[in-house]
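Trainee: Chains as they are written, first to last, in this note's numbering: chain A, 1 to 158; chain B, 159 to 366.
Hints were generated in silico from the structure; no laboratory data involved. Model, not experiment: these values are computed from the prediction. Any given hint could turn out to be false.
[As the list claims (entries may be wrong)] 27 angstroms max Cα-Cα, derived BS3-like pairs, lysine-lysine:
| id | chain 1 | residue 1 | chain 2 | residue 2 |
| --- | --- | --- | --- | --- |
| 1 | B | Lys280 | B | Lys174 |
| 2 | A | Lys139 | B | Lys237 |
| 3 | A | Lys132 | B | Lys329 |
| 4 | A | Lys132 | B | Lys280 |
| 5 | B | Lys306 | B | Lys319 |
[Stated by the list, open to error] Sample of chain A residues with no beta-carbon within 12 angstroms of chain B, all distances over it, derived:
| id | residue |
| --- | --- |
| 6 | Arg9 |
| 7 | Ile10 |
| 8 | Glu13 |
| 9 | Gln25 |
| 10 | Leu50 |
| 11 | Ser51 |
| 12 | Tyr73 |
| 13 | Met96 |
| 14 | Thr122 |
| 15 | Asn130 |
| 16 | Arg149 |
Cβ atoms here follow ideal geometry from the backbone N, Cα and C, with glycine treated the same way.
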Amino acid sequence: MTRNALVERIEAETGIESRPRYSNQIEASVPRERIISFLSFLKTIGFEHLSNITAIDWIQDSTMEVVYNVWSYSERIHITVKSPVPRGNPVSFTCMGLWPQGRVYEQELHEMFGISFQGNPTQGPLFLHNWKDIPPLRKDFDTEEYSRRAYGYLEEEQ
Amino acid sequence: MSDFIKVSRDEIMDGKMERVLDFFRARSMWMLYYCTGCGAIELPPSMTSAFDMERFGLGPMATPRQADILLITGYISVKTLKRVIRSYEQMPDPKWVVGFGSCPVNGGIYWNSYATINQLEKYLPVDISIAGCMPRPQAVLDMFQKLKNMIQRGEAVGYKKYKLNYDWYKKNQDEVLNREEPVFREDELFSAPPEQISGEKITAGGNR
Numbered sequence: 001m002t003r004n005a006l007v008e009r010i011e012a013e014t015g016i017e018s019r020p021r022y023s024n025q026i027e028a029s030v031p032r033e034r035i036i037s038f039l040s041f042l043k044t045i046g047f048e049h050l051s052n053i054t055a056i057d058w059i060q061d062s063t064m065e066v067v068y069n070v071w072s073y074s075e076r077i078h079i080t081v082k083s084p085v086p087r088g089n090p091v092s093f094t095c096m097g098l099w100p101q102g103r104v105y106e107q108e109l110h111e112m113f114g115i116s117f118q119g120n121p122t123q124g125p126l127f128l129h130n131w132k133d134i135p136p137l138r139k140d141f142d143t144e145e146y147s148r149r150a151y152g153y154l155e156e157e158q
Numbered sequence: 159m160s161d162f163i164k165v166s167r168d169e170i171m172d173g174k175m176e177r178v179l180d181f182f183r184a185r186s187m188w189m190l191y192y193c194t195g196c197g198a199i200e201l202p203p204s205m206t207s208a209f210d211m212e213r214f215g216l217g218p219m220a221t222p223r224q225a226d227i228l229l230i231t232g233y234i235s236v237k238t239l240k241r242v243i244r245s246y247e248q249m250p251d252p253k254w255v256v257g258f259g260s261c262p263v264n265g266g267i268y269w270n271s272y273a274t275i276n277q278l279e280k281y282l283p284v285d286i287s288i289a290g291c292m293p294r295p296q297a298v299l300d301m302f303q304k305l306k307n308m309i310q311r312g313e314a315v316g317y318k319k320y321k322l323n324y325d326w327y328k329k330n331q332d333e334v335l336n337r338e339e340p341v342f343r344e345d346e347l348f349s350a351p352p353e354q355i356s357g358e359k360i361t362a363g364g365n366r
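Turn these sequences into a full structure, and let the hints steer you where they fit.
Mentor: The following block contains the structure:
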């Protein structure tokens, strides 16, 4: 199946619009309520490898996007699924039932962006040591000021 | 063995014995390299036949309990700092710390990162540092020559500094490792207007 045929099939069966990107990629945006059913549909049509989960903080829109990158070995096509969650209440749903490796990615997003995933039992600290502030990859976190206050800095010599 | 060098208590006390020992210490240095960052990539050329640091009496050592020199090669994240301190405190006296590259000196290119510390000197006594990102093997060998001379003259006394000023070092370590309060106060957190932050608007997003 070619890429454009896949785009049409996804729209025909789920009603979700997707668009081609670069030479072998597809991009789709899915509301939070339908993300798990959409991902499980993708898994049934051959997208069986979850490469990673990441997130983007759109602070002006007060929105955060959870981004799933999924790869199909049979079609050799990469699909990027974006799912917006509100910034004031960043909660989504876990994909552990589809891909067990999603557990660690979701734990990382919880630590770095503060997005929590319902159904994921591991939401504790992963990489950061004794972290007390807001999640560091949010756009309103000032990493330079944090570094100056927490670790100090050398004054420039005159 | 009765005609072996006899050392009286007075000679030990005024440091003569120490000077003899320093002569030998400077000629047999075993390094433990803690490869925290990218700096470790300059060590294989320094150690192997191209530059051959073994001709200066330097050798690699696998465990901290048999090592003399702790080589910190690159940036140090907070999590790593805890392990570095632990390795350093396991090493027997006398011991020396080398800051390798720009990152242990002032943070290097990671100076504004939330995850890495900026000055290693605040947490461990650094005897000698090499600037550069990365320092070439020539600089590494030059540094080891300098360190060797410092040891022989009895000038590399970082481990004594650590014992004498342990309270100061411990305070700095605790500030970073066992922080109890957040760095930013509550009212400093949001740069966007609060009503925008708490809004429940969901956009399709991403198409800009």
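Trainee: Taking the numbered hints from earlier one at a time, note which ones the structure violates and give those numbers from smallest to largest.
Mentor: Violated: hints 1, 15 and 16.
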